[in-house]
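Asks: Sequence:
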Amino acid sequence: MFNDIYKDSNSNSYDVYCSELIHKFILKVYCWMSFGLFITSLVSFYVSKSSYLLYFLHDNILFFIILSFIQLYIMFVLSNYTKELSENNIITLFIMYSILTGINLSTVFLIYTSYEISYSFLSILITFILMSIYGYFSKSNLIKLNNILLMFLLGIFISSIINIYFSNYLFEWIISYISIFIFIGLIIIDTKKIKNLGSKLIYNEDYLLINKYSILGALILYLDFINLFLIPLKIIKNNNNNNNKKEKK
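Be aware that the sequence shown starts at 1431, since it is given in the working numbering, and climbs by one per residue.
Careful: at least some of the hints might be erroneous.
Stated by the list, open to error - Taking lysine-lysine pairs in the BS3-like style, the calculated list, with each CA pair at most 30 Å apart, reads:
hint, residue 1, residue 2
1, 1479, 1667
2, 1625, 1569
3, 1513, 1569
4, 1623, 1569
5, 1569, 1458
6, 1454, 1623
7, 1513, 1630
FYI, nobody ran anything at the bench for these hints, they're computed from the structure.
Given the sequences, and given the hints that come with them, work out the whole structure.
Replies: Right, dumping it as structure tokens:
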């Protein structure tokens, strides 16, 4: 009813009204994403304080694989059944995913120093904010590049598996830097897609779905952030390993 008044009286006022709702939708997305990152950081830090838990996770590959499959299942459910699930169920699954990610990421404290982790987090946080702002305000239609980037990402994944056998430092270095550009592109594109989704929901007056899809949008950007965060750490590890090899020689 409120929208009908705007539509009938002043189309510009209606557009301003919808624009404000879109901003609120995006704000919800970032709030949920920040909440997820906070949970992940808290869980990861807590687990890292227990030597027993850390080494248990590090030494039990099967447990790690089980956690990863549970995460994949949660992603599948949230991606395909957002409309059907209740908002409380979506929130619960999102929190579960954030907790499981925190458990999986806790092993980074065995490999990297606090300085290296903090450096990677802050550098990626700044990059994420800048790229997300660009994606939100950019008028360019970058969404058509999404499938290309996903194909590149699949190629990087396959190449990384192959390189586990060869352990080529230069190849690993190239893969890591290409991955950074891929995820930077995905952050820009995903931000634009989430904004477009919010616009569609608002202009179609699907207000009951706004909260649900704000959580799904948060999960998408959350995944982009986590994956991008791990790449500088990987580069640091490769550089350290390469320096150690040179010292031994």
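Asks: For each hint, tell me whether it holds in the structure or not.
Replies: Hint-by-hint comparison with the structure:
no.	hint	in the structure
1	1479 to 1667	holds, 22 Å
2	1625 to 1569	holds, 12 Å
3	1513 to 1569	holds, 29 Å
4	1623 to 1569	holds, 12 Å
5	1569 to 1458	holds, 22 Å
6	1454 to 1623	holds, 16 Å
7	1513 to 1630	holds, 15 Å
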